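K.L.:
Given chain A's structure and the hints, the job is docking chain B onto it.
Chain by chain, the residues run as shown.
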Amino acid sequence: MRKIGLNEVEDIALGASLLGAGGGGDPYYGKLMAIGAIKECGPVDLVDPEEVPDDAILLPIAMMGAPTVLCEKGTGGNEYQVIYEMVSQYLGKPIYAVMPMEAGGVNSMLPIAAAARLGLPMVDCDGMGRAFPELQMVTFTIGGVKATPMALTDEKGNSAIFNTITNKWTEELARAVTMSCGGSVTVGLYVMTGAVMKAFGVKNIVTRSEMLGRAIRCVKDQDSLPPEEAFLRSCEGYRLFRGKIVDVLRETNGAFNLGRILLEGIGGCRGQTAEVSFQNENLAAVVNGEIKATVPDLICLVDTETFTPVTTEALKYGKRVLVVGLKCCEMWRSERGLELVGPRYFGVDTDYIPLEERAKGGNGYV
Amino acid sequence: MYKLGIDVGGTNTDAVIINERREVVAEVKYPTTDDVYDGIIHAIREVLKNSGIQRSEITQAMLGTTQCTNAIVERRHLAKVGLIRIGAPATTGIPPMVDWPEDIQAVVEDSLVIRGGFEFDGKELAQLDLDAARSFFERIKGRVQSVAISCVFSTIRSDHELAVAQLCREIMGEHVHISISSEIGSMGLIERENATILNAALYQVAERFTEGFAKSLADEGISHAKIYLSQNDGTLMTMEHARRYPILTIACGPTNSIRGASYLTHVKNAIVIDVGGTTTDFGVIQNAFPRESSAAAVIGGVRTNFRMPDIISIGLGGGSIVRRQPDGRVTVGPDSVGYKITSEALVFGGQTVTATDIAVKLGMANLGDPSLAAGIDDDFAVQAMDAIREMVEECLDALKLSNEDVDVILVGGGSIVLPKELAGTSHVYTPDHSGCANAIGAVISKVSGNYEQLVDYNQIPREQALAQAKQEAARLAAAAGAIPETVEIIEAEDVPLAYCVGNTCRVRIKAAGDLA
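Protein sequences appear in the order of chains A and B. First residue of the first sequence? That's 23 in our numbering, and the numbers climb one at a time after it. First residue of the second sequence? That's 267 in our numbering, and the numbers climb one at a time after it.
Treat the hints as calculated values from the structure; they're not laboratory data. As the structure is a computational prediction, the values presented were derived from the model and not from experiment. Cβ atoms here follow ideal geometry from the backbone N, Cα and C, with glycine treated the same way. Mixed in with the good hints there might be a few duds.
[Unchecked claim] Pair ranges (Cβ atoms, derived):
| hint | chain 1 | residue 1 | chain 2 | residue 2 | range |
| --- | --- | --- | --- | --- | --- |
| 1 | A | E193 | B | Q725 | 19 to 25 Å |
| 2 | A | E62 | B | S401 | 18 to 24 Å |
| 3 | B | S579 | A | T372 | 40 to 46 Å |
| 4 | B | E751 | A | G311 | 54 to 60 Å |
| 5 | A | G311 | B | D671 | 50 to 56 Å |
Pulled out of the complex, with its shape left as it was, chain A reads as follows (with noise of 0.2 Å):
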């Protein structure tokens, strides 16, 4: 167990930007509510999986709704004790801590706002180890656990537990409540215990933010290897392509951003074109005709100076970005989780092939 306080949340965010994969929304408005909480509350103990009893009840939380209306209406900071009582008259047991559903994007930060305010300690693991952008799409649910009964509020009070028969239905009538409530609202759901968390869980996830946050930060701070280099290392990434944006095809379908982005090579990458497609998180990096990574294996584009990530709203012409890959958790890999997350069910039509493969020279091309 150790202790997250200001400084800690500063490079969990930063990470959470990256592990977001292009998406997830910009922790900014998460981080103010996690500073705000820690310096009302003070610092959250972080707790390993393994130090978790296997009966212990655990509660993922997280926003659902619009990062837009999240920008305005923040939240009232009473929401999570609301969720821990419904919840916990629910089951008619005490709740042991919190823990995140989603490490990547913004709802990486709800959970450390509700450890604090709650004085739960928050278990360092989460159900995607990165951004996806739907409620069923966690490894959680290979483990057969339903997201159910879902606990929901606004800042306002108004509350609902909902009991469906699918994940399917959770996302549909969470949806709508959530726009009759304004359009962002805090939800707890996959309630499990300690032994299915080590069972299903992605393991130490919150510390690997911290980390990534961290790399990105002192990049510049060491001197012993080129920058690129460095950071690379520092995150176990694959350098993927070195490019300028020299494009982006955006439609939009739904609550879902969808489009490609048309990187032109440069440095060692001259005279090489890239393609990397989009609905909110990075689906595929193609180059020059070869797919070398597709989801669930995290695509990254970070700024080639800083290193600071890129989301796919702020895309535009000319920016030069690195993308980079990183290994999705191995439950991702297995037949359940890319039946959940795999490159077809987001429309790429391709076997998933883990990146490190590809990255040898694997078939793969289109």
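P.N.:
This is chain B only, laid out in the frame that chain A set:
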């Protein structure tokens, strides 16, 4: 009928006079003084003398100044502020100023979050708690002279902010300074609130520079001119407006120089390169207005979200020092001899090889004593110019929105050191009077109106929504002093909200017109 434009920069105070046909009649540069008014007065005196016109013929005077930026960055002359945020039970999870640097948090003497505000569709989030507002104003009365008011979704509906502002005036008196967030920032409560607090803290600075400018004009006998201040979006505001919204003057310098460059060349879409003695600023002119940056503007450690021009600055200028590195490469800058160029550059009898010397050696400029640069090695000079070209071409490319060639306008005193043939460009313009492009930008500015709203296209069709928004923006521009017939839409964008069911888009329109 003449117009006088003044731009107070870090190094120089520039002044220009233009006539009714908007031709430059006279231009001068005078070193900026510690007491900026001394510099302004001298610049006015000189430009009047050069123009030979009557003082009474000047009907409009425009000032661009960096004093608000300096006040915030240096934490000087900032006034104590009382902050009231309308938004509980939402927003309380993020206390005001939660991530501000400590040394500037002190500007807020007291703050309170009260119930009220709106949802994204304009529904009331909570009933406005005027009793809480009343007791807050009674508590801070006498302790502060300036109040900042923010409110959830006040960019959609501002009635709660206005009601609280009225109450504030009733309790704290007619002379209290009130800053309202919906009039200052755009979507994003915290950034908008931050900008509002800074605006409130700047009221004394604003009083000083507006009164100081009016006084310098009066002292010089220019008593009939209507006075305007430059905003950072390339438009003007009245003196009364500047006193209420001083924060909008931040970063108007680069904006003015971009606008001035466009005016001098009659080119409405281009990249403007402003080369000074030490640095070069690259900006984009789109439809005769600067392109705004998409990144959050952080001023003195405080994150805000109001419009700032998209500028790239690099350490390249007329005084940049040129040297051969141990590995054989020739580099230019980022260090510079700066204002000492007239004594330190080779062509002026000095000992340092500067970018200006390279330009003279290569026959691109005729300055000082060219024979003093003749000794520079030919190969060295060519390599130095290649280095300059590479720096410039890279920045040009970073600002372009597509692969197509663009027009480029070169301005600023140091522009002689840049090659006129640049990759990715269709035409490079080098206008006359380019040394005073920023003062010209101030004097030819328009007045504008901005409108922003969230619209569900399933309820209001896109065409209709955009047309309404354009009308509203045009009305706001006319209200700001534009001649209605000259008002045109200069920016229109609608961006869909991510992760949001339905078809809700954020519509932003800007309209601008000529000053009456």
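K.L.:
Now look at each hint and say whether the structure bears it out.
P.N.:
How the hints compare with the structure:
| no. | hint | result |
| --- | --- | --- |
| 1 | A:E193 <-> B:Q725: 19 to 25 Å | holds, 24 Å |
| 2 | A:E62 <-> B:S401: 18 to 24 Å | holds, 23 Å |
| 3 | B:S579 <-> A:T372: 40 to 46 Å | holds, 43 Å |
| 4 | B:E751 <-> A:G311: 54 to 60 Å | holds, 55 Å |
| 5 | A:G311 <-> B:D671: 50 to 56 Å | violated, 28 Å |
Going through the hint list in order, the structure does not satisfy hint 5, though it satisfies all others.
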